[in-house]
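Heads up, the sequence shown is in the working numbering, so the first residue is 1 and it goes up one at a time.
Calculated directly from the structure, the hints in this document are not laboratory data. For clarity, every value in this text was computed on a predicted model and none was experimentally measured. Where is the CB? At the ideal position from N, CA and C, for every residue including glycine. Among these hints, one or two may not hold up.
Derived DEER-like restraints, expressed as beta-carbon distance ranges [stated by the list, open to error]:
1) H109 / N159: 17 to 27 Å
2) E173 / Q62: 23 to 33 Å
3) K38 / P146: 34 to 44 Å
4) K144 / D98: 47 to 57 Å
5) D87 / E50: 28 to 38 Å
6) N140 / G59: 15 to 25 Å
7) E70 / E111: 29 to 39 Å
8) K38 / T74: 41 to 51 Å
9) Q62 / P146: 18 to 28 Å
10) M24 / V76: 12 to 22 Å
11) K79 / R47: 42 to 52 Å
12) N123 / E2: 40 to 50 Å
13) E2 / E70: 13 to 23 Å
14) V28 / N73: 37 to 47 Å
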Amino acid sequence: MELKEKQKKILDVAVELFKEKGYMGSSVRDLATKLNIKAASLYAHIRSKEEILEWVCFGIAQEFFDKLQEVKNTEVAPKDKLNLFLDRHLSVVLKNRDVTHIYSNEWKHLEERLPEFVELRKNYQQEVEELISEIYKAENWELKSPSFTTRFILHTLNNSYFWFKRSSDSTDEITEEIRDKILFGLLGNVN
Numbered sequence: 001m002e003l004k005e006k007q008k009k010i011l012d013v014a015v016e017l018f019k020e021k022g023y024m025g026s027s028v029r030d031l032a033t034k035l036n037i038k039a040a041s042l043y044a045h046i047r048s049k050e051e052i053l054e055w056v057c058f059g060i061a062q063e064f065f066d067k068l069q070e071v072k073n074t075e076v077a078p079k080d081k082l083n084l085f086l087d088r089h090l091s092v093v094l095k096n097r098d099v100t101h102i103y104s105n106e107w108k109h110l111e112e113r114l115p116e117f118v119e120l121r122k123n124y125q126q127e128v129e130e131l132i133s134e135i136y137k138a139e140n141w142e143l144k145s146p147s148f149t150t151r152f153i154l155h156t157l158n159n160s161y162f163w164f165k166r167s168s169d170s171t172d173e174i175t176e177e178i179r180d181k182i183l184f185g186l187l188g189n190v191n
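With the sequences and hints as input, model every part of the structure.
Listed below in structure tokens is the structure:
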């Protein structure tokens, strides 16, 4: 999805607005006001408010898939691959905190493309589950519930932006702390 320059500006302002008021609490008029243009002028660049939500949800989903493919295509030891996955997924989350918030909380408001998005989320979860299962198998670790473990990891990673202030914490420190906590919770140690 390649956005034009004006659409990128609209997206940036919409993300701020959706984060502040929620998707349902935001209107096209609110967005136009923040952009200092007339609401009717906005429709020269977007079909609807829902299209902007599609840009957010499908755009960051693509980033997650791209990072996952990088991990899958990397030839490293299984435990290193798990660390790499956690790092890459978190890098997307922490680089896009507000977008991740909207992706995680507002996707349910997609109407036209909701079934497609639900399928996309399922596919991502399935691919992550397969990766985790392969890692566990290669390391001879016991994995009682691959589905639960995957959902736990993704939920933890996707909601990590809540726990840290933007200005005071280094992304590397956050990533390391979350990775260590997840690995300790899964394995009982981080070594």
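Hints and how they fare:
Checked against the hint of 17 to 27 Å, the pair H109 and N159 passes, with Cβ atoms roughly 18 Å apart. Between E173 and Q62 the CB atoms are about 27 Å apart, so this pair conforms to the stated range of 23 to 33 Å. In this structure the hint that K38 and P146 lie 34 to 44 Å apart at CB is violated, the actual value being about 52 Å. About 35 Å separates the C-beta atoms of K144 and D98, a value inconsistent with the hinted range of 47 to 57 Å.
Distance hint for D87 and E50: a CB-CB separation of about 33 Å, consistent with the stated range 28 to 38 Å. At roughly 38 Å, the beta carbons of N140 and G59 sit outside the given window of 15 to 25 Å. At roughly 32 Å, the beta carbons of E70 and E111 sit within the given window of 29 to 39 Å. A C-beta distance of roughly 49 Å is found between K38 and T74, which places it inside the suggested range of 41 to 51 Å.
With their beta carbons about 24 Å apart, Q62 and P146 fall inside the hinted range of 18 to 28 Å. A C-beta distance of roughly 43 Å is found between M24 and V76, which places it outside the suggested range of 12 to 22 Å. One distance hint, 42 to 52 Å for the beta-carbon pair K79 and R47, holds here, with the actual separation near 46 Å. The hinted window of 40 to 50 Å between N123 and E2 is violated, with their beta carbons roughly 22 Å apart.
In this structure, E2 and E70 meet the distance hint of 13 to 23 Å, their C-beta atoms being roughly 21 Å apart. Distance hint check for V28 and N73: the Cβ-Cβ separation is about 41 Å, which falls inside the suggested range of 37 to 47 Å.
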